[in-house]
Amino acid sequence: DAGVIQSPRHEVTEMGQEVTLRCKPISGHNSLFWYRQTMMRGLELLIYFNNNVPIDDSGMPEDRFSAKMPNASFSTLKIQPSEPRDSAVYFCASRRQGLYEQYFGPGTRLTVT
Amino acid sequence: SQQGEEDPQALSIQEGENATMNCSYKTSINNLQWYRQNSGRGLVHLILIRSNEREKHSGRLRVTLDTSKKSSSLLITASRAADTASYFCATDEGSRLTFGEGTQLTVNP
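Going line by line, the protein sequences match chains A and B.
The first sequence stops at residue 113 when you use the numbering used here, and every number in between is there.
The second sequence stops at residue 1109 when you use the numbering used here, and every number in between is there.
Honestly, the hints are just simulated from the structure, not real lab data.
No residue lacks a Cβ here, since even glycine has one placed at the ideal position from N, Cα and C.
Fair warning: there could be bad hints in the mix.
To be verified - Pairs of lysine to any residue residues, derived as SDA-like cross-links and limited to a Cα-Cα distance of at most 20 Å, are as follows:
1) A/Lys78 to A/Val12
2) B/Lys1026 to A/Glu44
3) A/Lys78 to A/Tyr100
4) B/Lys1026 to A/Pro61
5) B/Lys1056 to A/Tyr100
6) B/Lys1026 to B/Arg1060
7) B/Lys1056 to A/Leu99
Said to hold, decoys possible - Estimated spans, in silico, between C-beta atoms of each pair:
8) A/Pro70 to B/Leu1075: 35 to 45 Å
9) A/Gly59 to B/Ala1010: 38 to 48 Å
10) B/Lys1056 to A/Gly28: 21 to 31 Å
Given these sequences and hints, build the entire structure.
Now the structure itself:
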């Protein structure tokens, strides 16, 4: 089992550029979560999907953030345009139906200059 | 704001000692989970305790839950240097988890 896969692991971009983060959940898991972790705000849930359908996006900061899950094995989180305050580590996690524990990917460290 | 609040924020102990971390929360929960995060890595699930359970054990981990006080504790016995990490409690309110701010545990060899 490869675990949750995220790419890229590190991203450095300039303010105003578009950033796309990618996630491949564990095969057979039907829920997918996107989190953001910063020193100031800790770990925040941005959005989660159940069976590829967005269920709760109340944590998405603003319209600059969007997330998609076109199929059960792939999800993207896009920031357009990016701003320095978006600098954080972004985690993707997945969960199997009927179970409660979430499995986290290694994260993408985003730096916006 | 974070549902769970860990206490203490940082804990430094010697190898072989026990480490106790506490978590308080505000609302009703289905279950409470503890996760570990090593520096620069993703979170790893450690243990889950359901709202109708009071205590649970897993290896060197012992978790308690007091729903009347809305609090939980995580005890790591006979700590090792490899236990050095941040530990987070997470409350499950139905589908989504809300994480606390974490306790940074340092185990000195």
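Hint-by-hint comparison with the structure:
With a C-alpha separation of about 14 Å, the suggested pair A/Lys78 and A/Val12 falls inside the 20 Å cut-off, and the hint holds. For the hint pairing B/Lys1026 with A/Glu44, the CA-to-CA distance comes to about 17 Å; that is within 20 Å, so the pair holds. A C-alpha spacing of about 27 Å is found between A/Lys78 and A/Tyr100, which places the hinted pair above 20 Å, so the restraint is violated. Distance hint between B/Lys1026 and A/Pro61 is unfulfilled; the C-alpha atoms sit about 23 Å from each other, more than 20 Å.
Annotation: proposed proximity of B/Lys1056 to A/Tyr100 holds, straight-line Cα distance about 16 Å (limit 20 Å). About 28 Å separates the Cα atoms of B/Lys1026 and B/Arg1060, which puts this hinted pair outside 20 Å; it is violated. Of the supplied pair hints, the one linking B/Lys1056 and A/Leu99 holds, its CA atoms being roughly 17 Å apart against a limit of 20 Å. At about 44 Å, the CB distance of A/Pro70 to B/Leu1075 agrees with the hint of 35 to 45 Å.
Between A/Gly59 and B/Ala1010 the CB atoms are about 27 Å apart, so this pair departs from the stated range of 38 to 48 Å. The supplied range of 21 to 31 Å is met by B/Lys1056 and A/Gly28, whose beta-carbon atoms lie about 26 Å from each other.
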